[in-house]
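Colleague: These are the residues of each chain, in order.
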Amino acid sequence: KAGVTQTPRYLIKTRGQQVTLSCSPISGHRSVSWYQQTPGQGLQFLFEYFSETQRNKGNFPGRFSGRQFSNSRSEMNVSTLELGDSALYLCASSLGHSLGTEAFFGQGTRLTVV
Amino acid sequence: SQQGEEDPQALSIQEGENATMNCSYKTSINNLQWYRQNSGRGLVHLILIRSNEREKHSGRLRVTLDTSKKSSSLLITASRAADTASYFCATDSGGYQKVTFGTGTKLQVIP
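Protein chains in written order, with the working numbering: chain A, 48 to 161; chain B, 374 to 484.
In isolation and in its complexed conformation, chain A is listed as follows (with noise of 0.2 Å):
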């Protein structure tokens, strides 16, 4: 079956933009969770969806939202973009709310903000 799609896989913007990044997850799974990924910081968790709504949320400014349709697709939104924003942003599906359960991820979408 076909595995975690996320699009675009690169993307330039400049400062102050925003951006909308969607992540299509593995057919039948529900859960749907974020990371953003940089040099300094490493793995950090941004939000995870179940079932349209959001389950738990990471450390970051209200500027990143996201949300998660009927389908399980998600989508992540960055407004009022900065520098620091600059990284790559992975999206993981998993079939849903059960300890223990594998996560698989996407290729990712680098994001560069100039």
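Among the hints, a few may not be true.
When the alpha-carbon atoms are kept at most 35 Å apart in a straight line, the in silico DSBU-like pairs for lysine-lysine are as follows [stated by the list, open to error]:
no.	chain 1	residue 1	chain 2	residue 2
1	B	K429	B	K442
2	B	K479	B	K399
3	B	K442	A	K104
4	B	K429	B	K443
5	B	K443	B	K399
6	B	K479	A	K60
7	B	K399	B	K429
8	B	K479	B	K442
9	A	K60	B	K429
10	B	K399	A	K104
11	A	K104	A	K60
12	B	K429	B	K479
13	B	K479	B	K443
14	B	K442	A	K60
15	B	K399	B	K442
16	A	K104	B	K479
Because the hints were derived from the structure by calculation, they are not lab data. Keep in mind it's a predicted model, so treat the numbers as computed, not measured.
Position chain B against the provided structure of chain A, taking the given hints into account.
Modeller: Quick look at chain B alone, frame taken from chain A:
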């Protein structure tokens, strides 16, 4: 903030040798997972070990978990050049599907 810290930060070995990476974490967990990441791409799930397990094997991978020391190790036996990647441990402390990653070990296997 990082829940886990991997040690060493970087490791360089010859092909055929074994590679051992360690992960220490801070709070109690339900399970711990190891992932591999090739050169800034997506993460690939390697193995999951639950808190009531002490050791798990998958092919050339062996993972141990010591909950009393809050640590885990990943052993890759008979390493290959294709094993060159960054390896992360990730902990699930229960509740929702939030997985917290460690800082990673960068492994280089020299042919």
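Colleague: Starting from K443(B), check that the Cα of K399(B) is at most 35 Å away, please.
Modeller: 7 Å, holds
Colleague: Does K443(B) lie within 35 Å of K479(B) when you go C-alpha to C-alpha?
Modeller: Given that 35 Å is the threshold and the Cα spacing comes to 21 Å, the pair holds.
Colleague: Straight-line Cα separation of K399(B) and K104(A) no greater than 35 Å?
Modeller: 20 Å, holds
Colleague: For the pair supplied as a hint, K479(B) and K60(A), confirm whether the alpha-carbon distance does not exceed 35 Å.
Modeller: Between K479(B) and K60(A) the Cα gap is close to 30 Å, so the pair holds against 35 Å.
Colleague: K399(B) and K442(B) were given as a pair; does the straight-line alpha-carbon distance stay at or below 35 Å?
Modeller: OK: K399(B) and K442(B) at ~10 Å, within 35 Å.
Colleague: Does K479(B) pair with K442(B) here, judged by a C-alpha cut-off of 35 Å?
Modeller: 23 Å, holds
Colleague: Within a Cα-Cα threshold of 35 Å, do K429(B) and K479(B) meet the stated pairing?
Modeller: 22 Å, holds
Colleague: Holds or violated: K60(A) and K429(B), Cα atoms, limit 35 Å.
Modeller: Judged against 35 Å, a Cα distance of about 44 Å means the pair is violated.
Colleague: For the pair we were handed, K104(A) and K60(A), check the Cα-Cα distance against 35 Å.
Modeller: 24 Å, holds
Colleague: Does K399(B) sit within 35 Å of K479(B), going by the straight-line distance between their CA atoms?
Modeller: 21 Å, holds
Colleague: K442(B) and K60(A): Cα distance at most 35 Å?
Modeller: 45 Å, violated
Colleague: Measure nothing beyond the straight line between the CA atoms of K429(B) and K442(B); if it is 35 Å or shorter, mark the hint as holding.
Modeller: Within the cut-off at roughly 17 Å; holds.
Checked against the numbered hints above, the structure violates hints 9, 14; every other hint is satisfied.
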